[in-house]
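With the hints as extra help, turn the sequences into a complete structure.
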Amino acid sequence: MNDSGNVYKQHETIAVNTEAKSAPIGHGRPWMDPTIEPFIRVEGVSKHFGDFAAVDRVDLDIYQGELFSILGGSGSGKTTLLRVLAGFEEPSTGRVVIDGVDMAGIPPHRRPVNMMFQSYALFPHMTVAKNIAYGLKRDGMRKAVISERVADVLDLVQMSDFGPRKPAQLSGGQRQRVALARAIVKRPKVLLLDEPLGALDKKLRESTQFELANIQYKSGITFIVVTHDQEEAMTLSTRIAVMDQGRFPQVGTPTEIYEYPETRFTADFIGTINSFEGSVESVSGSEMSVSLPALDMTLQVPVKNGISNGDTVCLAVRPEKIWISTSPPETADTAVLTGTVEDQGYFGNLSLYRVRLETGEIIQVSAQNRERQSERMIDWDATVHIHWDIASMVLLKE
Amino acid sequence: MMKRLSFPLTVLIFGYAFLYIPIFSMIAYSFNKSSLATTWGGFSLRWYGVLFENSQAFDALMLSIRIALVSATFATALGTCAGIALYRFRSFRGRRLFSGMIAAPLVMPEVITGLSLLLFFISLENLIGWPAGRGVDTITIAHITFSMAFVAIVVQARLAGQDNSLEEAAQDLGARPFRVLVDITLPLLAPAMIAGWLLAFTLSFDDLVISSFVSGPGANTLPMYIFSKVKLGVKPDINALATIIVALVTIGVVVAMRLMTRKDGGKKPG
Ligand SMILES: Nc1ncnc2c1ncn2[C@@H]1O[C@H](COP(=O)(O)OP(=O)(O)O)[C@@H](O)[C@H]1O
Ligand SMILES: [Mg+2]
Numbered sequence: 001m002n003d004s005g006n007v008y009k010q011h012e013t014i015a016v017n018t019e020a021k022s023a024p025i026g027h028g029r030p031w032m033d034p035t036i037e038p039f040i041r042v043e044g045v046s047k048h049f050g051d052f053a054a055v056d057r058v059d060l061d062i063y064q065g066e067l068f069s070i071l072g073g074s075g076s077g078k079t080t081l082l083r084v085l086a087g088f089e090e091p092s093t094g095r096v097v098i099d100g101v102d103m104a105g106i107p108p109h110r111r112p113v114n115m116m117f118q119s120y121a122l123f124p125h126m127t128v129a130k131n132i133a134y135g136l137k138r139d140g141m142r143k144a145v146i147s148e149r150v151a152d153v154l155d156l157v158q159m160s161d162f163g164p165r166k167p168a169q170l171s172g173g174q175r176q177r178v179a180l181a182r183a184i185v186k187r188p189k190v191l192l193l194d195e196p197l198g199a200l201d202k203k204l205r206e207s208t209q210f211e212l213a214n215i216q217y218k219s220g221i222t223f224i225v226v227t228h229d230q231e232e233a234m235t236l237s238t239r240i241a242v243m244d245q246g247r248f249p250q251v252g253t254p255t256e257i258y259e260y261p262e263t264r265f266t267a268d269f270i271g272t273i274n275s276f277e278g279s280v281e282s283v284s285g286s287e288m289s290v291s292l293p294a295l296d297m298t299l300q301v302p303v304k305n306g307i308s309n310g311d312t313v314c315l316a317v318r319p320e321k322i323w324i325s326t327s328p329p330e331t332a333d334t335a336v337l338t339g340t341v342e343d344q345g346y347f348g349n350l351s352l353y354r355v356r357l358e359t360g361e362i363i364q365v366s367a368q369n370r371e372r373q374s375e376r377m378i379d380w381d382a383t384v385h386i387h388w389d390i391a392s393m394v395l396l397k398e
Numbered sequence: 001m002m003k004r005l006s007f008p009l010t011v012l013i014f015g016y017a018f019l020y021i022p023i024f025s026m027i028a029y030s031f032n033k034s035s036l037a038t039t040w041g042g043f044s045l046r047w048y049g050v051l052f053e054n055s056q057a058f059d060a061l062m063l064s065i066r067i068a069l070v071s072a073t074f075a076t077a078l079g080t081c082a083g084i085a086l087y088r089f090r091s092f093r094g095r096r097l098f099s100g101m102i103a104a105p106l107v108m109p110e111v112i113t114g115l116s117l118l119l120f121f122i123s124l125e126n127l128i129g130w131p132a133g134r135g136v137d138t139i140t141i142a143h144i145t146f147s148m149a150f151v152a153i154v155v156q157a158r159l160a161g162q163d164n165s166l167e168e169a170a171q172d173l174g175a176r177p178f179r180v181l182v183d184i185t186l187p188l189l190a191p192a193m194i195a196g197w198l199l200a201f202t203l204s205f206d207d208l209v210i211s212s213f214v215s216g217p218g219a220n221t222l223p224m225y226i227f228s229k230v231k232l233g234v235k236p237d238i239n240a241l242a243t244i245i246v247a248l249v250t251i252g253v254v255v256a257m258r259l260m261t262r263k264d265g266g267k268k269p270g
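Each protein sequence line maps, in turn, to chains A and W. First residue of the first sequence: 1, per this note's numbering; consecutive thereafter. First residue of the second sequence: 1, per this note's numbering; consecutive thereafter.
If you're looking for bench data, these hints aren't it; they were derived computationally from the structure. Everything numeric in this text was worked out from a predicted model, so none of it was measured. By construction, the Cβ of each residue, glycine as well, lies at the ideal position given by its N, Cα and C atoms.
Here are some, though not all, of the chain W residues that point toward chain A, as calculated from beta-carbon distances under 8 Å:
1. Ser-165
2. Gly-174
3. Ala-175
4. Arg-176
Simulated restraints on C-beta separations:
5. W/Arg-95 - A/Glu-37: 41 to 49 Å
6. W/Asp-163 - A/Arg-165: 13 to 21 Å
7. W/Leu-181 - A/His-48: 27 to 35 Å
8. A/Ala-168 - W/Arg-95: 30 to 38 Å
Laid out in structure tokens, this is it:
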């Protein structure tokens, strides 16, 4: 067997480029372009532990240069899916193709991917520099080249002075950088990151988030980031796959996921949403009318495939899409609802209100605090008027 | 007014007193000038001198050290393999049985272990002619057998307390399984292996029962020598000898404990 045919060596085209590329790949929309082949294909992959399916028949196409996020709660199967990609778990069904090569039976040490572990997994008995050099040594590189590459990558993660330290002598944020450096120094085709910012505190997480995106952009490596933090996924990613119980209820750009959630799970998981059950009264042409008992209203909305008369549907609207005022609005082309403020929260830049309608339904509304105010304009128990554009509502499955 | 001691504390004090007063008095009497084991005649190193002139005692000491060195080394090698195997292949059929079986020598009465090993050696000699007679070799093999179990348990505990993803990370960075073992697993296990070795050494060094069963003419380990001497009455030079043993064993156990509880994965290799 020819073991030296390491998959890495054939593809050393991706260089860490410190200058911005004129046309970064990630800025296009390769998933919209049918002529571009996906870089990673996940086809019908499941992973069973006994009777339990941690990953359940998922399909995924990821394109070169993407910063792709897998977003889901704890136990949704994110780590398991990454481990399947890295080769630590054999999929129970389906297959994984990376850059045209079927990964079936290829062990982790021969895959063109590197992984940044949730625990960082830095070798405690090696210095930072040795940790980073480890992967390069395994490729049999010359010493001079190795030390050059290690210095470069330490520079990239701003840890140049820390080469001789042991992992135990580093802070959490520094360990995170070393783990990242060790994972990208081999210039893999794909970097898998398991909750890369999970162990950092909030402030550090926000700044590191942008650095991570920056490093991805500079290196041109395709990143697959697992996270349970929806804000992180929204700000970082080219696209997001929402994961729930081993499945993907939705895959799309951050905007698509937020503005056009397809399922109730996605809508609830990303941000907050007011959702109302209703029944379809009639379907005519491209419109249908849905009665919403919770609002005591009937709305005309665009028809969606597979929905017919009498079906139960769910219509939803985000809190920031709703206008709120103490006096009735002068011009509103939709029905205005009246209610009382049951609860409110002041966040400085915006305020959140929980408004109880006459039907008893509670609606969440958020409003920007555009004008400086010494006292609250809308107080507890105030009577308020709310309305929103029908077009900003979404129809949800389930 | 004196505070009354609580019942558990009283029991604890009595327990420790029973354990340690005999040992401390033995150590004290090893520095006794008088040759009467029960009367204090002032401080002296006389019995240590007598001991070193006693070639029988010295030979027994050297033999014990030799057996302990060899058996601890083999026990560490075999026990480490067993520990890794039991931990790594967590899902093989009958694994629980194997884990249980490796712990058996820890609780098995020594006379049973000794007797069964003796019978085993005799039948082996009848079958294949080896080991020819009983002596140093059979004692060493017997010691490897039971101390290996302790090493395996120490190694297994260390593996269970360590982040599995370290080995996976090495694999992910391109290391083949053997390299992972050499670069990551063994260096991280080093403290546990050293602790296991020291444990095996002390176990071998002070074993009397099993050694007595599988020993032959001329192979007298130190505990066997002491035991045979004591039957003829306690001489103060035996106290001196015992004190040396206590010191050695204490050092071994203390170092082993420190290594086992240490957090960091040991010194850097090479
Ligand atoms: N080796 C395993 N054996 C059995 N069950 C497992 C194993 N690994 C993960 N699971 C289960 O699979 C589910 C998904 O786990 P994981 O992928 O780690 O979730 P996440 O990373 O999204 O929190 C969990 O319910 C977990 O208990
Ligand atoms: Mg996880």
